Every structure is written in structure tokens, then in C-alpha cells.
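Chemist: Given next are the chains, with one letter for each unit.
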Amino acid sequence: MKYTEEFRDARRVKELAADLCQITKNPWVIMEICGGQTHSFMHYGIDQLLPPQVELVHGPGCPVCVTPLEMIDKAIALASDPNFILASFGDMLRVPGSKGDLFSVRAAGGAVKVVYSPLDAVQLARQNPDKQVVFFAIGFETTTPPNALSIIQAEALGLKNFSLLVSQVRVPQAMEAILSSPANRVQGFLAAGHVCAIMGYWEYPPIAAKYHVPIAVTGFEPVDLLLGLIDVVKMLEAGETGVVNSYSRAVTEAGNQPAQAAIQRVFQPADRTWRGIGTIPMSGFSLRPEYAQYDAEKRFDIGHIQTREAEVCIAGKILQGVMKPPQCPAFGKECTPENPLGAPMVSNEGACSAYYRYRKGS
Amino acid sequence: MTADLSQGPVCPVPLSHRETIILGHGSGGKLTHELIRTIFGKWLSNPYLDQGDDSARLPMPDGQLSISTDAHVVKPLFFPGGDIGRLAVCGTVNDVAMLGAVPLYLTASFILEEGFAISDLDKIVQSMADAAREAGITIVAGDTKVVEKGKADGVYISTTGVGVIPNSRKMQISGSAAQEGDVILISGSLGDHGIAILSARNELAFEVALESDTAPLNGMIEALLEVAPDVHVLRDPTRGGLATTLIEIANQSKVDIAINEINIPVKEPVKAACEMLGFDPLYLANEGKLIIILPENQAQRAIEALRAHPYGRETSMIGRVSSAKDGSPEVTLLTPYGSTRMLTMLAGEILPRIC
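Heads up: the protein sequence lines correspond to chains A and B, in order.
Just so you know, this note's numbering puts 25 at position 19 of the first sequence, and the rest follows in order with no gaps.
Just so you know, this note's numbering puts 283 at position 113 of the second sequence, and the rest follows in order with no gaps.
These aren't lab readings, by the way, just hints derived from the structure by calculation.
Remember, predicted model here, so these are calculated numbers, not experimental data.
Be careful, since some hints might not be right.
To be verified - No farther apart than 20 Å at their CA atoms in a straight line, the calculated lysine to aspartate or glutamate pairs in the EDC-like style are these: (1) B:K437 - A:D15; (2) B:K437 - A:E11; (3) A:K339 - B:E500; (4) A:K8 - B:E377; (5) A:K8 - B:E373; (6) A:K31 - A:D53; (7) B:K437 - A:E12; (8) A:K119 - B:D323; (9) A:K20 - B:E431; (10) A:K339 - B:D496; (11) A:K8 - B:E438; (12) A:K119 - B:E373; (13) B:K441 - A:E12.
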């Protein structure tokens with residue numbers, strides 16, 4: 007398949023891995039922000055090709071992992087109401103809330119629909135005028151533009167029965183939270199290529215300068231991952247900081263302007279709580295006041311939600327790169343993909359699930 | 171609405187129920203008999219079925235019996251490369267054949283939803299007849315029930331197959347018979363059925379030029395066993411795909427399995443769909459593919475025989491069996507980069523990625 011095969015070419019991957027080994031002289035701790043990159047490293051076994059001095063730690067870039075428990079409980083409450091249809095990305099259904107998950111709500115007769123795009127949820131609202139359709143709007147800057155479009159489309163259609171349960175988060179603020187934590191070990195970043203395809207990378211130079219870290223905008227294929235690592239290690243070895251674009255086939259500095267315009271039209275920056283991490287100022291988006299009628303939290307009385315996390319789960323430390331999945335006492339024992347205690351064991355982008363699926367705890 | 175009174179007042183004529191299934195079709199009365207005659211009898215007639223007794227009287231074959239049963243609930247009922255009828259026959263024929271048995275007899279029970287189009291049922295039963303003819307299996311008994319509208323999804327078909335494992339078979343073919351040193355073959359590309367079904371459900375939001383691989387595999391197995399009588403394991407990687415099936419075999423046989431990614435055939439449209447959705451072709455369902463595990467010295471002959479068969483043209487050697495190193499059987503995939511990853515069973519449904 008064109009545009010992927012080239013970036014999975016075995017000879018090129020082996021050459022780049024050899025290059026990386028050659029330029030690496032000192033030990034470095036590098037975080038890949040995005041859970042998609044974590045899975046790529048594990049899926050293709052690229053982590054096995056790295057020089058022993060390079061330690062990868064896995065970042066918070068897993069949409070379902072960072073969605074707070076309270077929001078999941080709210081989604082469950084809405085989905086359990088016969089007047090509602092809750093539409094969601096599939097990954098969200100297995101994430102444990104305080105009691106049960108959306109799969110069990112569906113099994114008990116609740117209307118939970120898996121959609122591939124929020125625009126499908128708008129269609130659901132058109133097809134079910136007697137129901138309130140709520141789309142569970144989670145994720146980073148990658149999911150924000152389509153979620154904004156769903157509101158723009160619902161407005162154009164005059165739909166009164168469509169709204170979003172918003173839990174949108176932003177990458178740069180999370181990077182700052184990690185870097186300013188006293189427990190931080192991260193010395194360089196692979197920035198999330200898909201997020202940068204939308205937002206560009208103009209937000210990163212101030213972070214690189216403030217915290218003296220190199221940042222490489224990095225893609226997801228084996229060649230991309232190695233190109234990003236080579237760029238970061240080169241800067242680390244040279245004592246340099248700054249931002250390089252190692253994913254120039256998809257990312258420009260300014261990013262996707264129409265997508266950013268859609269975000270700005272519908273959303274505004276807001277404080278957000280990250281599951282396992284806590285509240286980070288301005289680390290997410292909420293709907294602008296003029297779109298309050300599409301805000302499920304404002305529109306419906308979801309009631310007081312009491313949340314309780316599994317005590318043993320160390321998801322917060324994993325999402326901040328402070329600990330790794332096999333260091334968790336519950337990993338692969340009480341906590342498995344069939345019976346997850348925390349979200350990172352559920353998601354296709356969760357670090358615990360990546361370790362379990364591809365390494366089985368080794 | 172204006173009544174046409176040009177011919178004077180008329181009595182309402184009882185509706186003929188020739189177009190859709192109604193509850194009466196499952197009552198056991200006249201409507202049931204009419205349905206049996208006009209649909210099932212038309213396509214499936216044979217001396218055993220036509221006996222008309224409560225069960226079929228069948229000659230006892232020489233050898234051991236292989237029996238399997240399977241319920242089919244596919245959506246949509248008609249998809250590129252097949253339909254629920256073909257699937258209901260092939261699925262059970264293949265399960266029976268995986269022990270090296272020659273499939274002989276099939277029974278089929280239908281759960282029909284009130285309102286189901288009889289013309290669709292006609293197509294489905296015709297398709298079953300075609301698939302049964304291809305597989306050389308005779309449909310010897312059947313049953314029909316009708317449930318109220320909304321209590322089923324069109325039609326569900328449950329089939330049970332009986333086959334005979336001839337006394338001439340040398341090996342006891344079983345998932346627990348894989349041995350150290352065996353090689354692993356796959357008869358063709360992975361994931362065609364899974365992606366064709368998703369595409370037919372219009373769940374992909376893009377078009378895929380792909381047909382399901384639904385097919386009876388017993389003919390190919392017969393050709394295989396003629397040249398490679400020492401086959402240890404035969405399995406069709408249906409739900410859960412190649413990865414799940416190999417894990418099951420590794421556990422049953424208490425062996426390690428290693429497969430090489432570059433030798434695993436996957437069609438371009440399947441790769442593309444998997445890229446878009448974040449699926450892994452190793453976990454997608456197949457309905458016409460065969461995993462063969464056999465001693466290495468018969469592999470070449472086996473590959474030639476399989477490639478000569480229409481359903482095995484893309485047969486490829488994908489891996490090897492070794493003794494379980496630390497007591498817990500493992501399935502490992504070798505990447506094109508020389509690295510490895512473990513294959514584990516998926517938890518629950520396959521879910522598309524978010525971004």
C-alpha cells in the first residue's frame with residue numbers, strides 16, 4: 007500500500023536502527039506522547055531494535071485513558087435513561103466507571119451506539135427525533151475538529167436533540183504538566199504526529215525553550231519512529247534544545263487551518279481533569295457559551311456523581327511516564343484486558359494494553 | 171384513498187401469504203406445509219428428506235463419526251461472496267472436515283422473523299442447496315419456527331453436520347496433535363470475510379472491492395490428505411482469526427508456535443481497511459481458509475496440492491512448531507525487522523481506533 011509500505015521497509019528500518027545505535031553515546035529517557043506510538047513501538051518490535059541507552063517512557067496520549075471517571079459515570083447515567091441514545095467511539099465502552107462500563111449498560115438494554123465519527127451521531131439524531139442523542143466527545147486535538155463539525159452540522163440542520171458530553175484535552179499543557187512535575191525523568195519528546203497534523207507545532211518551541219528539552223514531531227510507522235528518535239537523540243547528545251519536524255510528509259508548522267478554525271468557532275480552552283493525573287489548567291476545551299444548548303452537562307441534570315477509583319491501579323503514574331505497566335502489582339494478575347481495573351489496560355492506545363498484548367508482562 | 175367501485179361492491183378476499191413470512195408459517199399447519207413444499211422441497215429434495223418422517227433414516231457409514239453444530243446470525247444476510255445460506259452450510263461442513271472427515275449429512279433449523287420476505291428465504295435456501303452440492307453433503311432434516319416481528323433479525327440458521335472419518339485415515343487429526351518440528355501452512359489471504367462483512371454493513375464509510383471467502387473446504391482437504399497423509403492439525407480460522415486459532419492450537423498441543431509476518435498473505439483492500447480502522451488482519455474472521463500443521467517432509471507436496479485447488483492458490487508456509495520452552499505455550503510473530511511480538515487473544519469485540 008502506497009505511503010505506508012515505504013515507511014515499513016525492512017532494510018530502511020534496520021539501517022536507521024543502526025544509525026541510532028551509532029549516534030547514541032549517553033543514556034536518555036525519551037517519552038512518546040501518543041499511545042498510538044506506544045503501540046507502534048510494541049507492535050513492530052521497534053523497541054527491541056533500540057540502543058540500550060535509550061529508555062522509552064510512555065506518555066498520556068491515550069484518549070480513553072485520560073477521560074475522567076466522573077465523565078464515564080455521567081455517560082453511563084445518560085445511556086441508562088430510556089429517553090437517550092449515547093453514541094461513542096468503541097474504545098470507550100469497555101472503560102470501567104465507578105460501577106460497570108458502557109458495555110454492561112448496553113447489555114442491560116441501554117441505547118449505546120458505537121460510531122466511527124461524530125457525524126454518524128448527528129445522523130442518529132436525525133433518525134431518532136423522539137430521543138436525545140448525546141455523543142461522548144473525548145480525545146485530543148485530533149478528535150476536536152470533527153466534534154466541532156458535528157455541532158456546526160447539527161446547528162445547520164436545526165437539530166434540537168443532539169448534544170456533546172465534552173471531555174476534550176490538549177497535548178501541550180499535558181507536556182508542561184509532566185515537565186514541571188518533581189518526579190519527571192523525561193529528557194526529550196516524540197511529539198504526537200497526528201495532533202501536530204491538526205494543530206501544527208508552533209505551540210512547542212516555547213516549551214522546548216522553557217524546559218530545555220528537544221522535541222521531534224514524529225509519525226507512527228517504524229521508519230517515522232526511528233527518524234523521530236534519531237532527531238531527538240542528536241539534539242540530546244549535542245546538548246541542544248528545540249523543535250524539529252521529523253514527520254514533514256504530514257505536518258506543517260501552522261497545521262490544518264480549517265480544522266483549527268472549526269475548533270475555535272465551537273470550543274474554547276478550559277481547565278480539564280485528567281484521569282489519574284488531576285486538573286491541569288487550560289488543558290482542554292469546552293463548548294463556547296453560544297453553543298451551550300449542545301452541551302449535555304449544561305442541558306441535562308445528570309445528578310451528583312460519586313466516583314471511586316480502583317485503589318491498586320497506578321494509571322496516573324503510568325500516564326505521566328513515572329512508572330511502567332509491569333511495575334504495577336495488578337498488571338496481568340487482577341488487571342487484564344478482560345477485566346481492566348484502569349483505562350490504560352483497555353484502550354488500543356493504552357500503555358498497559360500494549361505491554362499485555364505484545365509482551366504479556368515480560 | 172378512493173375505492174374503485176366500478177365493478178360494484180366486493181367482498182374482501184383473504185390475503186394470500188405468498189410474499190412474507192407470518193406466524194402461521196411456523197404453526198405446523200397448512201402454511202408450514204406449503205412453505206416446505208414451495209421452498210425447502212423445491213431446492214433440497216432428496217430421498218432422505220423426502221421420507222417425510224420425524225427423523226431421517228440413514229445408512230451407517232464405515233469409520234468414526236465427526237459431528238459439529240453451528241448457529242449462524244450474520245448481518246447483512248446477503249454479502250459479496252455469499253449469504254447466510256452458503257455460510258450455514260460451509261461453516262458446519264468445514265468444522266466436520268477439520269478432523270479429516272468426509273461430510274455426509276446436514277440438518278438445518280430456521281428461525282424466521284415474522285414479515286421476512288419469502289423471496290429472500292427462497293434465495294437463501296437455493297444458496298444452501300448449491301453449497302451442499304459443492305460440498306457433496308446431503309441435507310437430511312430440517313425445522314422451521316417463526317417468531318414475532320422484532321424478536322429476531324430476519325433469519326437465523328442453525329446447522330448440524332455429520333461426517334465419517336474413514337478407517338483408512340492414518341493420523342488422528344486434532345488441534346492437540348501439533349508436534350515439535352512441524353510446519354504451518356495457510357491456504358490463502360486473511361481477513362477477506364471480516365472486512366467484506368463490515369463493508370457490506372456500510373460501516374466502513376468507504377468502498378472495498380472485496381468478496382467474502384465463504385467456501386466448503388472438504389474437497390481441498392481430500393486432495394491434501396491424498397499427498398500428505400501425516401497431517402497433524404487442520405483448523406479453519408473463523409472468528410478470532412489466525413492469531414486466536416493458533417493460540418488455541420498451541421494451548422491444546424502444549425507447544426510454542428512462531429510465525430513469520432512477511433509470509434502471511436493479506437490482500438491490499440484488507441490491509442487498507444485495517445489501516446483505516448486500526449484492525450489487525452491476524453484477528454479478522456475467515457470462512458474459507460485452512461490452517462494445516464504437518465511434518466516438514468510432506469510440506470512441499472502439500473503446498474503443491476493446495477495451490478492446485480481453486481481455494482488454495484495462495485497457500486503459504488507461515489511458521490513452525492517448537493516445544494513449549496517454559497511450560498506455557500506461546501505464539502510469537504517475527505516482524506520483517508527481526509524483532510518479535512507475542513500474539514495474545516483479544517478481549518471482547520474488535521474495536522476501531524479513535525484517532
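Chemist: Each hint: holds or not?
Modeler: Status of the hints after comparison with the structure:
no.: 1; hint: B:K437 - A:D15; in the structure: 18 Å, holds
no.: 2; hint: B:K437 - A:E11; in the structure: 14 Å, holds
no.: 3; hint: A:K339 - B:E500; in the structure: 18 Å, holds
no.: 4; hint: A:K8 - B:E377; in the structure: 18 Å, holds
no.: 5; hint: A:K8 - B:E373; in the structure: 24 Å, violated
no.: 6; hint: A:K31 - A:D53; in the structure: 17 Å, holds
no.: 7; hint: B:K437 - A:E12; in the structure: 17 Å, holds
no.: 8; hint: A:K119 - B:D323; in the structure: 18 Å, holds
no.: 9; hint: A:K20 - B:E431; in the structure: 16 Å, holds
no.: 10; hint: A:K339 - B:D496; in the structure: 19 Å, holds
no.: 11; hint: A:K8 - B:E438; in the structure: 10 Å, holds
no.: 12; hint: A:K119 - B:E373; in the structure: 12 Å, holds
no.: 13; hint: B:K441 - A:E12; in the structure: 14 Å, holds
The earlier numbered hint that this structure contradicts is number 5, and it is the only one.
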